[in-house]
Amino acid sequence: MPAIASLLCGFIFGAGLVISHMVQTTKVLGFLDVLAIPSGGWDPTLVVVMAAGLLVTGIGYALIRPRQPIFAPRSQWPTASAIDRPLLAGAALFGIGWGLVGLCPGPAIADLATLSPGVIVFVVAMAVGMAAHDLWQPGADRPVEQKLATATDG
Amino acid sequence: MANFTPISAAIGGALIGLSAVLLMLFTGRIAGIAGITGGLFNPKTDDRMWRLAFIAGLIAAPLAAALLGHPVAMPEMPGSMIAIAVAGLLVGFGTRLGNGCTSGHGICGIARLSPRSIAATLVFMVAAMIVVALTRHGIGG
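Residue numbers (our numbering), protein chains in the order written: chain A, 1 to 154; chain B, 1001 to 1141.
Incorrect hints may have been included.
[What the hints assert, rightly or not] Pairwise CB distance ranges, derived in the manner of DEER restraints:
#, chain 1, residue 1, chain 2, residue 2, range
1, A, SER81, B, ALA1056, 27 to 35 angstroms
2, B, PRO1115, A, ALA51, 13 to 21 angstroms
3, B, ASP1047, A, LEU135, 18 to 26 angstroms
No wet-lab data here; the hints were simulated from the structure. Here a beta-carbon is modelled for each residue, glycine too, at the ideal position from N, C-alpha and C.
Given only the sequences and the hints, what does the whole structure look like? Please build it.
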């Protein structure tokens, strides 16, 4: 059951990416191209996607926060709060890669369905980057509570 | 405001939010795609099933759109496969180091008003905007 629920959630997420056109790198790069604002060439679509996503998630999270999850013993809300160097360095590296191509992890994986050779190369490289990080910092020796606290911002 | 598509954006964004809320309600997990995917490559992970199921659903959505007569076009990609690979490596490593991506920090984290996620989102947005400014306007521009 948890796997079926998870499959459904993945599908809804993917449908959101497809309907909002966030699977298209041109839409994402059009938003990131803020220097095009004066000429009228800027595409604010991503702002609306985020705003709608935040509205629904914010209200939904607030409503279900006190509840236990249906298919798990407890919710794994992130508890880390420090704005530390790994967070900022990681975000900067991610942003550079995002700006180079216009793909972040969700759209990249959804776009595998198009069998685009470029997307396949991107996702393989992304997986290598993730695995390389976890080889370097496996986080294996941390106690479970701490692992929970730091592992699941997203 | 070239190519602005606010209505489909609002519907799509709301679905992304719905997915995040349902995933928390069902499995108690944050809908961060980098976190879900990255966990697959950590040898210590013992919960691969729900991760793989979520990813399968994510890929199934564009396939379903194609079956309904609205195939997703291949996204425009840079000509150089080396540039693509470098970008992929940066996205993979960076999202693991920074513990999240556009969904984990940008949606789920900001929706919780997490200062960490707000900071991370500002940093990756600004970094990406600088890269686009340089690639589209900076070089010989």
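A quick look at each hint next to the structure:
Between SER81/A and ALA1056/B the Cβ separation comes to about 33 angstroms, which falls inside the hinted range of 27 to 35 angstroms. Remark: the range hint 13 to 21 angstroms for PRO1115/B to ALA51/A is upheld by a beta-carbon distance near 20 angstroms. Hint check: ASP1047/B to LEU135/A, Cβ distance near 19 angstroms, so the stated range 18 to 26 angstroms holds.
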